[in-house]
Amino acid sequence: MTTDPQADDHIASAILSGSTYEKVRFQRHSFLRQPVPRTLMLQSALLGLLVALLPMYGLFPESVAGYLPTTDPAAASPKVLLLGVFGGLLELLGATLLVGTALYRVRQGPLTESQAHTVLDIEDFARYVGLGTGGLAILLTVCVFAVGLGGGAAVDSYVGTAGANPFVASGLGLPVVAVSLVAFVASVVVFYAGGYLSVRLSQVRRRN
Numbered sequence: 495m496t497t498d499p500q501a502d503d504h505i506a507s508a509i510l511s512g513s514t515y516e517k518v519r520f521q522r523h524s525f526l527r528q529p530v531p532r533t534l535m536l537q538s539a540l541l542g543l544l545v546a547l548l549p550m551y552g553l554f555p556e557s558v559a560g561y562l563p564t565t566d567p568a569a570a571s572p573k574v575l576l577l578g579v580f581g582g583l584l585e586l587l588g589a590t591l592l593v594g595t596a597l598y599r600v601r602q603g604p605l606t607e608s609q610a611h612t613v614l615d616i617e618d619f620a621r622y623v624g625l626g627t628g629g630l631a632i633l634l635t636v637c638v639f640a641v642g643l644g645g646g647a648a649v650d651s652y653v654g655t656a657g658a659n660p661f662v663a664s665g666l667g668l669p670v671v672a673v674s675l676v677a678f679v680a681s682v683v684v685f686y687a688g689g690y691l692s693v694r695l696s697q698v699r700r701r702n
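For the sequence shown, my numbering begins at 495 and goes up steadily by one.
In short, the hints are calculated from the structure, not lab data.
Heads up, a few of these hints could be off.
Label pairs and their calculated CB-CB ranges [claimed, not checked]:
hint	residue 1	residue 2	range
1	Thr590	Gly645	36 to 46 Å
2	Ala559	Asp618	38 to 48 Å
3	Ala672	Leu553	17 to 27 Å
4	Gly657	Ser557	35 to 45 Å
5	Leu675	Gly560	19 to 29 Å
6	Gly689	Ala647	38 to 48 Å
7	Arg522	Ala663	40 to 50 Å
8	Arg694	Gly645	18 to 28 Å
9	Asp618	Ala663	22 to 32 Å
10	Leu553	Ser608	45 to 55 Å
11	Ser608	Val682	18 to 28 Å
All of these numbers come straight from a predicted model, not from anything done at the bench.
Glycine residues also receive a C-beta, built at the ideal position from the N, C-alpha and C atoms.
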């Protein structure tokens, strides 16, 4: 059995840094324990996938038209889009919580052990909500849209398997264009938030 020298170096650095937060973070068992800025970058990328829904919808072959509420993405609001909206909202919730905990660390640091545990509990929840549940919802939405790119036969096969047409009108009036544009803005904001916090948290580590 081999160990990862780079991971060992990170753990050793955390223990020797004197930062209670970093020590507690590496002592906790979590599948998603990457730094907050990196998590925000991943969430930005997932939100960016929602932007791709607009060109994908526009590239649907004519054979898919019969399954769509309308071929105009500015008016189309397919039911599967709601899954993507749900995932996007979870990404924003997770990102908001992560930004909040990072700003708390910047302003209140150095943290006590109790504070570090509380902050990490919130960060773990935010990662599982955002990268976990939200990310899965977005990926599933993109996969269903990809079925539409396969043409009418692919959609017909999907409907036969799933028992429902994912492209029927949702009835909520959330068009593909609006969702993609909002996702683009959100992706940019989360990306720059990650970059900003990367600088601020680095300053805090040097100060401590």
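Hint by hint, here is what the structure shows:
| no. | hint | in the structure |
| --- | --- | --- |
| 1 | Thr590 <-> Gly645: 36 to 46 Å | holds, 40 Å |
| 2 | Ala559 <-> Asp618: 38 to 48 Å | holds, 45 Å |
| 3 | Ala672 <-> Leu553: 17 to 27 Å | holds, 19 Å |
| 4 | Gly657 <-> Ser557: 35 to 45 Å | violated, 21 Å |
| 5 | Leu675 <-> Gly560: 19 to 29 Å | holds, 27 Å |
| 6 | Gly689 <-> Ala647: 38 to 48 Å | holds, 44 Å |
| 7 | Arg522 <-> Ala663: 40 to 50 Å | holds, 45 Å |
| 8 | Arg694 <-> Gly645: 18 to 28 Å | violated, 49 Å |
| 9 | Asp618 <-> Ala663: 22 to 32 Å | violated, 38 Å |
| 10 | Leu553 <-> Ser608: 45 to 55 Å | holds, 53 Å |
| 11 | Ser608 <-> Val682: 18 to 28 Å | violated, 36 Å |
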